[in-house]
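Chains as they are written, first to last, in this note's numbering: chain F, 1 to 248; chain E, 1 to 290.
Since the hints were derived computationally from the structure, they do not count as laboratory data. Backbone N, C-alpha and C fix where the C-beta goes; we use that ideal spot for every residue, glycine too. Some hints could be false.
Sample of chain F residues lacking proximity to chain E, with all beta carbon distances greater than 10 Å (derived) [to be verified]: (1) Tyr-17; (2) Ala-19; (3) Thr-27; (4) Val-59; (5) Ile-65; (6) Glu-77; (7) Pro-80; (8) Asp-174; (9) Tyr-188.
Derived DSS-like pairs: lysine-lysine, alpha-carbon spacing no greater than 25 Å straight-line [what the hints assert, rightly or not]: (10) F/Lys-121 with E/Lys-6; (11) F/Lys-94 with E/Lys-6; (12) E/Lys-143 with F/Lys-122.
Here's the letter readout for the chains.
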Amino acid sequence: MERNRSIIQLFDVSKQYGARYALKNITLSVQTGELVFITGPSGAGKSTLLNLLYMATPVSQGQIIVGGMNLARLSSEKIPYLRRRIGVVFQDFKLIPHRSVYDNISLVLEAAGQPPAVIRKKVARVLERTGMMAYMGALPPSLSGGEQQKVAVARAVVGDPDIILADEPTGSLDACSAEVITRYLMEYRERGTTIIIASHNTALINRTGFDSLYTLDAGTLKPRGENTGPGMKNSSSSTCMEGGDILP
Amino acid sequence: MISYLKRALANMAANVFLTFTTLFTIALSVLIAGCFFLFFENFVRVAHDWNQGIRVMAYLDSAFTPDDLPRVLADMENMQAVTEIRFISRQTALEELQKDLESSGVELSNLGENPLPHALEIVLSSSLETLEQVDAFVAEAEKKPHIEEVVYGHRWVEGILPMLNTLEMVALGLGTLFVITALFVSANTVRLTFCAKQEEIEIMRLVGATEAFVNTPFYLEGIIQGCLGGITGIMVLFLLFRWVKTAIPPELVFLSPASIEFLSPTMTGGIMAASIFLGWLGCFISLKQH
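Kindly produce the complete structure, drawing on both the sequences and the hints.
Shown next, in the form of structure tokens:
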């Protein structure tokens, strides 16, 4: 994937709920393959900003371009095709409770019309990488919050999306699981996937590193820093294995 | 389509309680509507048979001879509302009477001379729907040559004819209300069932599923539920019908077991189609609302 090319552009974007501005005059450009952190206090508009990018909610004002698609001009029939290019880790996981872990993840590939053999292979791969292989038949309500979050991450990445949006992706995870998941997401970054993470976990941001860091405060975006280096990629302080087990 | 069908069946298996609630409601609605149509179809048929059965007897005078028969028959056949005429000679009338009275032990051979007159049995058209029309026919027939008296023993027709018309109207009105209520309750149950799946539908849309991918299994689920509910309702109705039919005493002249029948194939097909439509409609309303 070609870097140094904007994959996401926001021009003077605002989002209003009634008279209240959740986001106000946001202008932002994200390059292909960038790792962007958006931080800020609860209620600052981080989730709303991510929601706008995959059209979970309509923009009130301004223009958003994602992967060359102007969202304002995107017909409702085209929205699924936009969403297939974006993997989302939802803050509340959004797992279907009466479907197994396997079915929740495979749903993304089924919706994209992938053949069963490919679905089996890809789902098995992400389950293994997130350490959830043993739970593939389990129903989400029987899992812990951390395990559900791993499933949510697995579902977000299984379709090999161009963009991953993660809303507090390690919020329910213990330190070790958080590291496994973050490292897993960084693998996608290395492949050129653009990743935007909304988080107020400064430890995660410092450990991971970033290409761009923005702070949202009362709906207004403020740049805070750029290019802190590779972060976790070269980290030698890791104590966790990929499956989530602690290294000796 | 097979994968959609698999997902529809998996959805039903995963939501056993909701599936059974919907099936039960549709089956109950089909049973209620089916009961009405069963009653209505049989009622209309029996009423029609009664209406077809209005017969009048024209007794001929003593001057009548068999040579006069062609002219008398022609006179009667020229009258409107006559569909069938049968000449009953004095001898035949006596034989038939003797046959009817056999079981009561009455012996007519002791009478000597046959006291019965020649007669015409006239079947009237069902277009005579009121007693006034029947009376007018009788009055006109009595003016014909050799006709001494025209009688009809169906005095009950006086009450029955207008009552049949009223009952038919009332039954149709009540039945329509029944069917509308059943439709509403069933469609609403299906709608509520699908409302409970809104979270699932939302998640599917968020991960990139097209409307066809999201909706098709739900429509299939609605159709399957409608179909199964319809089959269940009709089967229960059939069992009830069999039980009621065997429970009717044979002495009941106007409602002999032979005279009542189960729903016609057309009506059964119509109820099944309505049942499938119910499942689809509930799903359609639910998906359109969200």
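How the hints compare with the structure:
1. Every CB of chain E is more than 10 Å from the CB of F/Tyr-17 (nearest about 19 Å), matching its label as outside the interface.
2. For F/Ala-19, the requirement that its beta carbon stay farther than 10 Å from each beta carbon of chain E is met, with the minimum near 26 Å.
3. Non-interface call for F/Thr-27 relative to chain E: holds, since the shortest CB-CB distance, roughly 26 Å, exceeds 10 Å.
4. Every beta carbon of chain E lies more than 10 Å from that of F/Val-59, the smallest distance being close to 17 Å; the non-interface claim holds.
5. Once the 10 Å rule is applied to beta carbons, F/Ile-65 is consistent with being away from chain E; the minimum gap is 19 Å.
6. With a cut of 10 Å on Cβ distances, F/Glu-77 falls inside the contact zone with chain E, its closest approach being about 8 Å.
7. A cut-off of 10 Å between C-beta atoms contradicts the statement that F/Pro-80 is not in contact with chain E; the least separation is 5 Å.
8. Remark: the non-interface label on F/Asp-174 is consistent with the geometry, its nearest Cβ contact in chain E lying 26 Å away (cut-off 10 Å).
9. Every CB of chain E is more than 10 Å from the CB of F/Tyr-188 (nearest about 17 Å), matching its label as outside the interface.
10. In summary, the hint linking F/Lys-121 to E/Lys-6 is supported, as the alpha carbons are separated by about 20 Å, within the 25 Å threshold.
11. Taken as a hint, the F/Lys-94 and E/Lys-6 pair is honoured in the structure, with Cα atoms around 23 Å apart against an allowance of 25 Å.
12. Of the pairs offered as hints, the one joining E/Lys-143 and F/Lys-122 is violated, with about 98 Å between alpha carbons and a cut-off of 25 Å exceeded.
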